[in-house]
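Each chain, letter by letter, is given below.
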Amino acid sequence: MTTELDVAYPARKLAARLATAACCAAVAIALVPLLAVLFYVAKRGLGALSVSFFTELPRPVGERGGGMANAIGGTIELVLLASAMGIPIGIAAGLFLAEYRTTRLARVVRFSADVLAGVPSIIVGVVVYATVVVRMQHFSTLAGAGALAILMLPLVARTTDELARTVPDSLREAALALGASRWRIAIHVVLRTAAPGIRAGCMLAVARVCGETAPLLFTAFNNRFWNESFADPTSSLQVQIFTYAMSPYDDWHAQAWAAALVLVAMVVVLNLAARRVLRGPKPA
Amino acid sequence: MIRLAVICFLACVLALASPFGCSRANPGPTESSPRMLVGAGATLPFPLYSKWSAEYARVDPTVRVNYQSIGSGAGIRQVSDGVVDFGATDEPMSDEQLDRAPVKLVHVPTTVGAVVFAFNVPGLRDLALTAEVAADIFLGNVQRWDDARLRALNPNAALPDEPITVVHRADGSGTSAALTTYLATHNDKWSATAGSGTAPRFPVGVGAKGNEGVTAFVKATPLSVGYVELVYARQAGLPMARVKNRAGVLVAPTLDAIDRAAKSVSSTVATSTERVMLLDSADEGAYPIAALSYVVLPRDARDAGRAEALARFLWWAVHDGQRFARDLDYVPLPPALVARAERALRELRVDGRPLLPQAAERW
Amino acid sequence: MVNDPAAISPSVRPIDEAPRASVDRSLVALGGAAACIVGLVLLALAVSVLGMALPSIRELGFGFVVGRHWDPAHGDLGALPFLYGTIVTSVVALLVAVPVALGVAIFLTDLGPPPLRRPVAALVELLAAVPGVVYGLWAAIVLAPLLRTTLEPALEAHLGFLPMFRGPKVGVGLLCASLVLAVMILPTVASMSREVLRAVPTELREGGLALGATRWDVVRRIVLPHAKSGIFGAVLLGFGRAVGETMAVAMVVGSRPEITGSLLSPGYTMTSVIANEFAEATSVLHVAALAEIGVLLFVLTFAFNVAARILVAKVRGSESATARDVPAREDHEAA
Numbered sequence: 001m002t003t004e005l006d007v008a009y010p011a012r013k014l015a016a017r018l019a020t021a022a023c024c025a026a027v028a029i030a031l032v033p034l035l036a037v038l039f040y041v042a043k044r045g046l047g048a049l050s051v052s053f054f055t056e057l058p059r060p061v062g063e064r065g066g067g068m069a070n071a072i073g074g075t076i077e078l079v080l081l082a083s084a085m086g087i088p089i090g091i092a093a094g095l096f097l098a099e100y101r102t103t104r105l106a107r108v109v110r111f112s113a114d115v116l117a118g119v120p121s122i123i124v125g126v127v128v129y130a131t132v133v134v135r136m137q138h139f140s141t142l143a144g145a146g147a148l149a150i151l152m153l154p155l156v157a158r159t160t161d162e163l164a165r166t167v168p169d170s171l172r173e174a175a176l177a178l179g180a181s182r183w184r185i186a187i188h189v190v191l192r193t194a195a196p197g198i199r200a201g202c203m204l205a206v207a208r209v210c211g212e213t214a215p216l217l218f219t220a221f222n223n224r225f226w227n228e229s230f231a232d233p234t235s236s237l238q239v240q241i242f243t244y245a246m247s248p249y250d251d252w253h254a255q256a257w258a259a260a261l262v263l264v265a266m267v268v269v270l271n272l273a274a275r276r277v278l279r280g281p282k283p284a
Numbered sequence: 001m002i003r004l005a006v007i008c009f010l011a012c013v014l015a016l017a018s019p020f021g022c023s024r025a026n027p028g029p030t031e032s033s034p035r036m037l038v039g040a041g042a043t044l045p046f047p048l049y050s051k052w053s054a055e056y057a058r059v060d061p062t063v064r065v066n067y068q069s070i071g072s073g074a075g076i077r078q079v080s081d082g083v084v085d086f087g088a089t090d091e092p093m094s095d096e097q098l099d100r101a102p103v104k105l106v107h108v109p110t111t112v113g114a115v116v117f118a119f120n121v122p123g124l125r126d127l128a129l130t131a132e133v134a135a136d137i138f139l140g141n142v143q144r145w146d147d148a149r150l151r152a153l154n155p156n157a158a159l160p161d162e163p164i165t166v167v168h169r170a171d172g173s174g175t176s177a178a179l180t181t182y183l184a185t186h187n188d189k190w191s192a193t194a195g196s197g198t199a200p201r202f203p204v205g206v207g208a209k210g211n212e213g214v215t216a217f218v219k220a221t222p223l224s225v226g227y228v229e230l231v232y233a234r235q236a237g238l239p240m241a242r243v244k245n246r247a248g249v250l251v252a253p254t255l256d257a258i259d260r261a262a263k264s265v266s267s268t269v270a271t272s273t274e275r276v277m278l279l280d281s282a283d284e285g286a287y288p289i290a291a292l293s294y295v296v297l298p299r300d301a302r303d304a305g306r307a308e309a310l311a312r313f314l315w316w317a318v319h320d321g322q323r324f325a326r327d328l329d330y331v332p333l334p335p336a337l338v339a340r341a342e343r344a345l346r347e348l349r350v351d352g353r354p355l356l357p358q359a360a361e362r363w
Numbered sequence: 001m002v003n004d005p006a007a008i009s010p011s012v013r014p015i016d017e018a019p020r021a022s023v024d025r026s027l028v029a030l031g032g033a034a035a036c037i038v039g040l041v042l043l044a045l046a047v048s049v050l051g052m053a054l055p056s057i058r059e060l061g062f063g064f065v066v067g068r069h070w071d072p073a074h075g076d077l078g079a080l081p082f083l084y085g086t087i088v089t090s091v092v093a094l095l096v097a098v099p100v101a102l103g104v105a106i107f108l109t110d111l112g113p114p115p116l117r118r119p120v121a122a123l124v125e126l127l128a129a130v131p132g133v134v135y136g137l138w139a140a141i142v143l144a145p146l147l148r149t150t151l152e153p154a155l156e157a158h159l160g161f162l163p164m165f166r167g168p169k170v171g172v173g174l175l176c177a178s179l180v181l182a183v184m185i186l187p188t189v190a191s192m193s194r195e196v197l198r199a200v201p202t203e204l205r206e207g208g209l210a211l212g213a214t215r216w217d218v219v220r221r222i223v224l225p226h227a228k229s230g231i232f233g234a235v236l237l238g239f240g241r242a243v244g245e246t247m248a249v250a251m252v253v254g255s256r257p258e259i260t261g262s263l264l265s266p267g268y269t270m271t272s273v274i275a276n277e278f279a280e281a282t283s284v285l286h287v288a289a290l291a292e293i294g295v296l297l298f299v300l301t302f303a304f305n306v307a308a309r310i311l312v313a314k315v316r317g318s319e320s321a322t323a324r325d326v327p328a329r330e331d332h333e334a335a
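If you read the sequences in order, they're chains G, C and U. Count the first sequence with our numbering and you get residues 1 to 284, in order. Count the second sequence with our numbering and you get residues 1 to 363, in order. Count the third sequence with our numbering and you get residues 1 to 335, in order.
Keep in mind the hints are simulated off the structure, nothing from the lab. Treat each hint with caution, since some may be false.
[As the list claims (entries may be wrong)] Sample of chain G residues with no beta-carbon within 10 Å of chain C, all distances over it, derived: (1) THR102; (2) VAL115; (3) VAL134; (4) PRO168; (5) PRO248; (6) ARG279.
[Said to hold, decoys possible] Below, a list of computed lysine to aspartate or glutamate pairs in the EDC-like style, where the Cα atoms sit at most 20 Å apart: (7) LYS219/C - GLU63/G; (8) LYS169/U - ASP161/C; (9) LYS219/C - ASP251/G; (10) LYS219/C - GLU56/G; (11) LYS189/C - ASP71/U; (12) LYS169/U - ASP259/C; (13) LYS13/G - GLU206/U; (14) LYS169/U - GLU162/C; (15) LYS314/U - ASP114/G.
[Stated by the list, open to error] Which stretches of chain U does chain G cover? Using the computed rule of at least three CB atoms under 8 Å from a CB of chain G, they are: (16) 80 to 88; (17) 273 to 281.
Virtual Cβ for every residue (Gly too), placed ideally from N, Cα, C.
In isolation and in its complexed conformation, chain G is listed as follows (with noise of 0.2 Å):
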């Protein structure tokens, strides 16, 4: 290195100052095309917001108008139904990594958990289409909610293994010195500690799967009304952009935008939030 440094210093500084304006130029690169996809989506998705897109069901193909209120529904009711599966047996898996960290069974499950998380989400769809959709002999929404929780499992369980192993060992000394059981450290000392991470953590995730499609395919299907029941297949905003991207008709192509301004919405204010709790509150 010292030799290198030999080099005259002005060189060195015009390597320096070129280095630096390629690195700008590489930010002004790759925000460019990001930006766009933000412009088009929120100059042609605001072009195509109404009130009906928020309060009807989609029209027969070729009429125009109609909206996708069951679209908006169904998202948020397959979010949530994954994240009532997804989340408690996630940090429930994660606290248990967390804390019996040494052991051979959490380094297999961390493991796996990893592994799990780099499955292309498709093979999760084709998966619960022939465990569950076939045996049920019907497309539903709990299908397609267990799908996306399939997804969110290693996401929750990774985040909230992470953070409980920040938490210092001094305070679970602590409180085995008080006399605490393992799991009631577990939950009241290090859940505890470790809360605002893991519940941003639980944001994050939640964000991720709103926008997951392909598991969505063979698992909660679409439907061009509510969906009376769980049992029924459901429609979803990621879906419908899919469905009415790919057809002829440019009142569709105007809804899809709308639903993709809507999707994008959701998953930047949940990322948002997340964000702001992990900032907590304001130091005074």
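Mind docking chains C and U on chain G? Use the hints.
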């Protein structure tokens, strides 16, 4: 906190367990919530089915018919898997497919559509095609718009000196089946290269999903040509080729021309075979690539209530529902095919007994 | 507030020994059960995909992986066109995205003006969360026509001597899919790389600066070599994400199972063929073949994710991540 965790855990265990508890014995609807019938399949009749779905919700408020257009191939698969109440296809199922299905299935003809060649060439509104030339375009043997054979058929058209972009279906499709069966009878090379059926192998072009996808792609891409159902091309404002029929006449895909195809073909074969194709009518005014669309459903009902609701809907569709056909460029079923549909519906059974009255004229 | 022991102590009050022990046991069992569920879900996924693929594995054997034809109607099934499409789109996406993402990461840790770093970082994180189907919508309606009218003719005019830039100019195709993938994995790779660069100890940077190095010298001679394997890990994670992405690719890839050697021509990927054909495959062999593509996909993403994690963990070492970063990173890793 502990209690909360336990409650959450039990709740999700219950939530997971409940679908398995009530899997087969799907509870019927209560008075307040409508019954949901799920259908999936062909994209060719989708505009009509989605109209029926909206109208029937008014006719019988206790029933909702949720139809999703995901392709004829998918309709066949999913009704065979038993995950939908009915499938829809424009290509009747093969004997092999029927044998493999775990339950006995019934075909009910519902409507007649036409497969048209929709194209997007700036400045060109009219195009004449024969089956041979169309086949060679889709085989990649005719590659440019100003090919000599196209010029010979269209002496007055301003054909550009540009390559043809062929758009075909990427999913299993009854529209593909109708087209390829038709082309195979007119072009010897077709069967060897592309084959016929719902999933042919197109040697050139770009794949798109559903009639919707092909139409959207042709609409967005200059110098392209694709094959879609008539109503898609019309709703997208795309020009359609006139096609030379068996009598040697160039016929545009109009309702009248499809009507004639449906009437002439159905009157000859409707009584002999269970499954009917309406291709290649000998009538001189008939459009040659007409397709009969079917709903496929299990003959023996799993759930009497749902089966009856579905039978009622289909009975309505093949009678009253036909009046919506013309507005959407479909041809109402000719009487011979309505009779066929009635016969198919009367085959439906629940617990071994017929679901519908056998003799009644109207039910 | 949460670290205040006073907030904790009241809830740890002693209670009767016997019920506590049984509650404790049952809670441990619950936690263990939850952990097992995670493992079992993975096992169930793997086993059932493999089970579905068995007929194809038995009947087609290894020929499936190298078969160039995909003709379900005649039972002639080969996965090579899909492997090819997946690898080509992912590699091109990486070639486009990685240099830019690295630039962004270095900007965020070392070279960028400090006041700009935070907002840019926040924006990048946010963009990583935009759903794939929205990128697909944008690609199908905005990007593909743009490619058809401008980029593809330009590529053929200037680089047409290379066969990979010759072909039909129809917008959709491998190039369009690669570009949308590049846009999608850019935030992932950028924020993972930033994570890795930040883990390089400050003392090393300060040492370099004290010796008279410029900030760029420090990055080039100290930070990058130190973080090399971690950055490689981030790239592998990006690759894993590109391979697994389904919807955006399915919407613009052109859906043709063939190998042409041109980037402009339509192609197919493993995920998009499953999305398109799984619902409609009627023959046993067709379903099994699609499931086998799923198995290949599983193995591919498994290998890349495991390799990536090992590499990233090596750099991060025992460095304890602060609570603030963890959820955000998890989010990207998983995607």
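Taking the hints in turn, this is what the structure says about them:
no. : hint                : in the structure
1   : THR102              : 23 Å, holds
2   : VAL115              : 22 Å, holds
3   : VAL134              : 6 Å, violated
4   : PRO168              : 20 Å, holds
5   : PRO248              : 4 Å, violated
6   : ARG279              : 24 Å, holds
7   : LYS219/C - GLU63/G  : 18 Å, holds
8   : LYS169/U - ASP161/C : 15 Å, holds
9   : LYS219/C - ASP251/G : 14 Å, holds
10  : LYS219/C - GLU56/G  : 28 Å, violated
11  : LYS189/C - ASP71/U  : 17 Å, holds
12  : LYS169/U - ASP259/C : 39 Å, violated
13  : LYS13/G - GLU206/U  : 17 Å, holds
14  : LYS169/U - GLU162/C : 12 Å, holds
15  : LYS314/U - ASP114/G : 16 Å, holds
16  : 80 to 88            : violated (count 0)
17  : 273 to 281          : holds (count 4)
Violated hints, in rising order: 3, 5, 10, 12 and 16; the structure is consistent with all others.
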